[in-house]
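Please model the complete structure; the sequences and the hints are all you need to start from.
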Amino acid sequence: MNRWKRVAGIFLIGLLAATTGWWVIAAPHSTNNQPSHGNNKASNPTPIFRKSSLPSPYQTPFSLLLIGVDKRKEDTGRSDALMLLVIRPDDHHVTILNIPRDTKTRLHLGDGRVRLDKINHAYALGDGVNATVRTVEDFLQIPVHYYVKVDMKGFRSIIDLFDGVNVDVDHAFSYKGQHFHKGQMHMNGAQALAYVRDRTGTTDFERHRRQQQVMQSLWHQAKDWSTLFKMGDLLHIVMDHVQTSMKVTELWKLVATIRQVPPERVETLHLNGTDQWNPHYYFLVTEKERLRVSRVLRRQLEL
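If you're matching positions, the sequence shown starts at 2 in the numbering used here and goes up one per residue.
Treat the hints loosely; a few may be bogus.
Said to hold, decoys possible - Quick list of in silico lysine to any residue cross-link-like pairs, SDA-like style, CA-CA up to 20 Å:
(1) Lys105 / Arg89
(2) Lys154 / Ala191
(3) Lys105 / Asn273
These are calculated hints, taken from the structure and not from any lab test.
Since we're looking at a predicted model, the values are computed, not measured.
Below, the structure written as C-alpha cells:
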C-alpha cells in the first residue's frame, strides 16, 4: 500500500467520521469471536461484480466499504465492523448500512473457496480485504467501488488526540475493566471504545444510540478550528492503522464532499434479522430482507 494513500486515508477516517457522525466501529463484539471450522459448504455462489471501470468519484454515485479490523499479534485479525456507504455527490446524500458482524452468509474466501459462516470471518479465513469485499458484494448484490480498512487502535488514538469525548451515560455499568457512572462523563479512547462495544444486557438499539453519542461529541470536537493544529499528530499516530484503495486526490475531494452533506441527508439502513444459537451465535437475515436492503442500495447507486 502506497505510504501517501495510508496517510491520506487516516485523514479521511479521522476527520470525516467526526464531522459526519459515523464511524467504522458500528458493530459491537459478538459473544463468540472465533470462526467456526465446520465443513458446511455453500453451493452455486452468485458471481461477484466485476468493475471494468470505477465511477468517477464526486460526479456519480459510488459505494465505499469501511472495514474495522481488530488486529492481533497471533493472527491477521478479524473484521469487527463493516459499514457500507453509498455517496451521491450530485444531491449531497449519504446512505449508511451497518452490517452485523455475526450475519450468516456465503463467504468468498479466494481460490474458489466458498463456505457458510459469519460475514466477519471472511477477512480471517480468506484473503483479507479481498475476501471481505467479495462477500459483501455477493450478500448485497452491489459493486463495492472503494474500501477503507482501519485498525481499531486508530479509533482509540483519534479520540485521545481530540482530548476525549463527553457523553451522558444513562445508567452505571462496567465492561472490559472500564467503569461508567450515570450522568455526564468525560471518556478517553479506551473508555469510549468499551462504551460503544458493550453488549451485556442491552439491545442493538441501545448500542447504536451509544455509538451516536460518542460520534456526536467527536463531531463537535473535530469541527473546532483547533483541529487544524492537530493534523500532524493525527497523521503520525495512525499511519499504520489505515489502508485504502482510493487515490490521494479522491480522498481530499471526499473530505469536501462529505462536509457538505447536512445531517438530514444522511440515511441509515438497518438489516432486520433473528438470533440463532447452533451452537455458535449467528444473526440470520431472511432472503426477503436481504433483497429489500439490496434494492434500496441499488436504487441509490442508480443500478
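- prompt: Hint numbers the structure violates, sorted upward?
  reply: Hint 1 is the one this structure does not satisfy, whereas the remaining hints hold.
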